[in-house]
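Dock chain B against the given chain A, drawing on the hints supplied.
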Amino acid sequence: MLSIKNLKAGIEDKEILKGFNLEVKAGEVHAIMGPNGSGKSTLASVLAGREDYAVTDGSVQFLKKDLLDMSPEDRAREGLFLAFQYPVEIPGVSNINFLKTALAEIRQYKGLPPMEAKDFLKRVKEKQALVELQVSLANRSVNEGFSGGEKKRNEIFQMAMLEPVLAILDETDSGLDIDALRIVANGVNKLRAPERAFIVITHYQRLLEYIVPDFVHVMYNGRIVKSGTKELALELEEKGYDWIKKELGETIEA
Amino acid sequence: MTNIAEKISPGDKLIAELELNQDSLPGSETIRSTRRNALKSFSKQGLPARKSEEYKYSPVNRLFQKELTFATTSSVSDEKGNSFALAGLDASVIRILNGAVHIPVSGFDGITCAAWNLKSLPKEQLSFFENHFAHYALPDTDPFIALNTAAFQDVLIIKIADGAVLAKPILIQNITDSTHASFTQPRIFIYVGKNASVEIIEQFASTKKEQHTVCNAVSEIVVESGAKALFYKLQNDCPGLQLISTTQVYQHADSHFDTHTVTFSGSWTRNNLNIVPDGEHCETHLNGLFILNEEQHTDNHTLVDHRKPNCESNQLYRGILKNKSTGVFNGKIYVRPDAQKTNAYQSSKNMLLSDDASMYTKPQLEIYADDVKCSHGSSTGQIDEEALFYLRARGISADSARILLMQAFAKDVVNTIRIEPLRKEIELLIEKRLAH
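These protein sequences, in sequence, are chains A and B. With this note's numbering as the guide, the letters of the first sequence map in order to residues 3 to 256. With this note's numbering as the guide, the letters of the second sequence map in order to residues 425 to 860.
If you are wondering where the hints come from, they were derived from the structure by calculation, not from laboratory data. Warning: the hint list may mix true and false statements.
With a cut-off of at most 25 Å between alpha-carbon atoms, the simulated BS3-like pairs for lysine-lysine come out as follows [what the hints assert, rightly or not]:
#1 A:K102 x B:K633
#2 A:K102 x B:K618
#3 B:K835 x A:K153
Here are the computed distance ranges between Cβ atoms for each label pair [stated by the list, open to error]:
#4 A:A28 x B:K748: 47 to 53 Å
#5 B:A591 x A:Y111: 47 to 53 Å
#6 B:Y784 x A:Y206: 50 to 56 Å
#7 A:G39 x B:E810: 18 to 24 Å
#8 B:T603 x A:I13: 53 to 59 Å
No residue lacks a Cβ here, since even glycine has one placed at the ideal position from N, Cα and C.
Next up, chain A with everything else stripped away, as it sits in the complex (with noise of 0.2 Å):
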């Protein structure tokens, strides 16, 4: 599904990703763990399409197509979801238009007919319930008001109406305290399928303890340097990211 070669990106002149690879199938949950500065929400940038990064070098095949040729929306359209890590607040837009026209457009750009108003709205309230997000949605703007936990929950509240193929949830758990960090995770579990991955990025192994993943990968100065299964982020949780640190050492220094 998703297939990334080499990637090689940064910000005005400094390389961040040095060399980033990653192989994705339909049905798997990749878990990217790492210290700060490793480049973990630099990567969720450069797939969803954030203009600040360029790309010098390397591919990102997404569903056989060429994933950085297109543009945000386009990507979204293909079935690319970011949760993001610091949800933007938009005032005057309101949850409901802003999600329709999401809706809208994708679907348009699939060749399929406008999403009948009930549906929407049954869809809306299923999904809501989904992640136990009880504001009103019709009368608020986007995220405007919202809690830290709201916030992430209408993340994957929005993440359940698109029905990506591929969602990257970038440091969700970042702010949440347990109960949220359920109510999230229970969301997630719920939207788990054959057709649909998921890379959950996170800096601590507690949301792993929910979300369980498949494969568990180790970031670090712009690339992946240890790969393993669930077990990993628990040895990771003991060890600390110092002890990566410290096998890298010698190649690092070189």
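Using the frame of chain A, we list chain B on its own:
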């Protein structure tokens, strides 16, 4: 002959033309004397010079580069006039064509609400009119007020009786026939009686075939004690029009005046909105919205002159500027020594969508009382790139996302429009204007 003509300044040429025509212009003896004084005042002031502080960002010389003669009556058909109608708006309509006031047969019963022009003004109302006319918009304060007062061809006079609550809004269509080059001077006087309540929309429009046309409109509005007036100025269908529009408002105690100045169309616009709350417990709201493209120029000059204690004024202006357009917001607030406990606020936010667009904002607060709350804020920025990316990351095209964000930006002002069909129409116009 052309050599001599070239040496005469545009201002002097207007004066000469007016001096020649003074006797043929309508009005009672009192009105004529007001005209003559206004002409003297204009002769003294002349057209604003390039260095004039008040017209610094809106030099008027471009309006008078080509020869302008005062407009004569025009015969725009009803059909043409009807084409400017606002969808779904049930209103009592009055049409002003090139300054000539066409009083409709229906919609005004003459008792709760009367509408006259100079010809139809009943004798017993003459002294009422003379007691107000040109008492608020003073010729000495602005050359264009002076010019209008010297040169107007007709006046729309609207009188709302004490205690009258009008069910329907009044729509004044101020239409300029731009098939011929002309200089029009529409004049309006609105009197809102004690405890009365009225909604008025003044729409500026012009016929499509654009010649060099300048409209210099002056409205005087008196809001009596306890009365409530909502006044909407909409400029939506006059692409080539160059407009100087002065709205002069005088508020008595306990009155409420709520106004919106919405500018979408017009190549060059100067809105002068001067409000004098001259009694205690007045409430005043000034809202403005403009969306400009190409080389459009819009200048909103506001003045709120607080003279008495315990009043509140609130200004909310939003502007979106595209291409090479320019905008100006100059907001003056006076709080006089007697006006203790005044609350006066001002907010002007603008969004520039192109590197070639420019916006000049100038808040001017002059406060002579010590127990007041006054604040102002202005900002000019670009579209929020983070918000734009967020919307695009959900599958919304860059163009739609920009429109959503700009609609959201305008919403602060749009949401305060109380006449539902007007708000809907303005929402549609915003969408249309933002789309290209």
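Verification of the supplied hints:
no. : hint                        : verdict
1   : A:K102 x B:K633             : violated (41 Å)
2   : A:K102 x B:K618             : violated (48 Å)
3   : B:K835 x A:K153             : holds (23 Å)
4   : A:A28 x B:K748: 47 to 53 Å  : holds (51 Å)
5   : B:A591 x A:Y111: 47 to 53 Å : holds (48 Å)
6   : B:Y784 x A:Y206: 50 to 56 Å : holds (51 Å)
7   : A:G39 x B:E810: 18 to 24 Å  : holds (21 Å)
8   : B:T603 x A:I13: 53 to 59 Å  : holds (57 Å)
Hints 1, 2, counting from the list given before, are not met by this structure.
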